[in-house]
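Participant: Chain order of the listed sequences is S and Z.
Under our numbering, residues -19 to 93 are what the first sequence spells out, in order.
Under our numbering, residues -6 to 107 are what the second sequence spells out, in order.
What the hints contain is simulated information worked out from the structure, not anything from laboratory work.
All values derive from a computational prediction rather than experimental measurement.
Hints should not be assumed to be uniformly reliable.
As the list claims (entries may be wrong) - Partner residues are not named here, just some residues of chain Z that face chain S (Cβ under 10 Å, in silico):
1. I(-3)
2. Q30
3. G33
4. Q34
5. G35
6. E65
7. L83
8. K95
9. G101
Idealized CB from N, CA, C, for every residue including glycine.
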Amino acid sequence: RKEVEQDPGPFNVPEGATVAFNCTYSNSASQSFFWYRQDCRKEPKLLMSVYSSGNEDGRFTAQLNRASQYISLLIRDSKLSDSATYLCVVNMRGNTGGFKTIFGAGTRLFVKA
Amino acid sequence: DGGITQSPKYLFRKEGQNVTLSCEQNLNHDAMYWYRQDPGQGLRLIYYSQIVNDFQKGDIAEGYSVSREKKESFPLTVTSAQKNPTAFYLCASSKDRGRLDKLFFGSGTQLSVL
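For reference, chain S alone in the conformation it holds in the complex:
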């Protein structure tokens, strides 16, 4: 089982739709969680950190469910410019006591007019 798993998609949605992505992680000792956005052949850019209490930034809402070991990203009122790959990122303690960052393979979103 992968340490961080995402549905690769693609999700094809019309403009204005609401779309949600989930990401599951295997290590219950995971410490911090992020969603990054990556456009084709560009660098990932931080979209949101994910907190236990849930957090919202405009049309984007991120939530963490520690009991079920998943995080989610909800995008409301989708725009054409939201078309991208969304990467789930989990920081967890490594075996040697340090920390390691694990990236999901990403979920592709296409928003069409």
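Since chain S is already given, all that's left is putting chain Z on it; use the hints.
Facilitator: Leaving out everything else, chain Z in the frame of chain S:
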């Protein structure tokens, strides 16, 4: 503006050749990282450095080498021992690796084999 600069944007390697990818940051970050991205896969860590003159192997270090002689610079050499080097390479930095800070990425280098 502060940021991370990677060069070149595209690089071609001949068989048996070593090539070096450049990564420079002016964010005053202590930690720097090199990742490799292949289609359909998550980013995989090649090497990381938490401080000048110190670096550690990541998950896929074989066939790669790095140096960290200056805080601002973390070049990656893809050696001839790396048999499948074609990939998108991303350099990143964070303020302090121990604090699980968010990562800032350079714009990437696409390496292809001739």
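Participant: State for each hint whether it applies.
Facilitator: Checked hints:
{"no.": "1", "hint": "I(-3)", "in the structure": "holds, 8 Å"}
{"no.": "2", "hint": "Q30", "in the structure": "holds, 9 Å"}
{"no.": "3", "hint": "G33", "in the structure": "holds, 6 Å"}
{"no.": "4", "hint": "Q34", "in the structure": "holds, 5 Å"}
{"no.": "5", "hint": "G35", "in the structure": "holds, 4 Å"}
{"no.": "6", "hint": "E65", "in the structure": "violated, 18 Å"}
{"no.": "7", "hint": "L83", "in the structure": "holds, 6 Å"}
{"no.": "8", "hint": "K95", "in the structure": "holds, 5 Å"}
{"no.": "9", "hint": "G101", "in the structure": "holds, 5 Å"}
Checked against the numbered hints given earlier, the structure breaks only hint 6 and satisfies all the rest.
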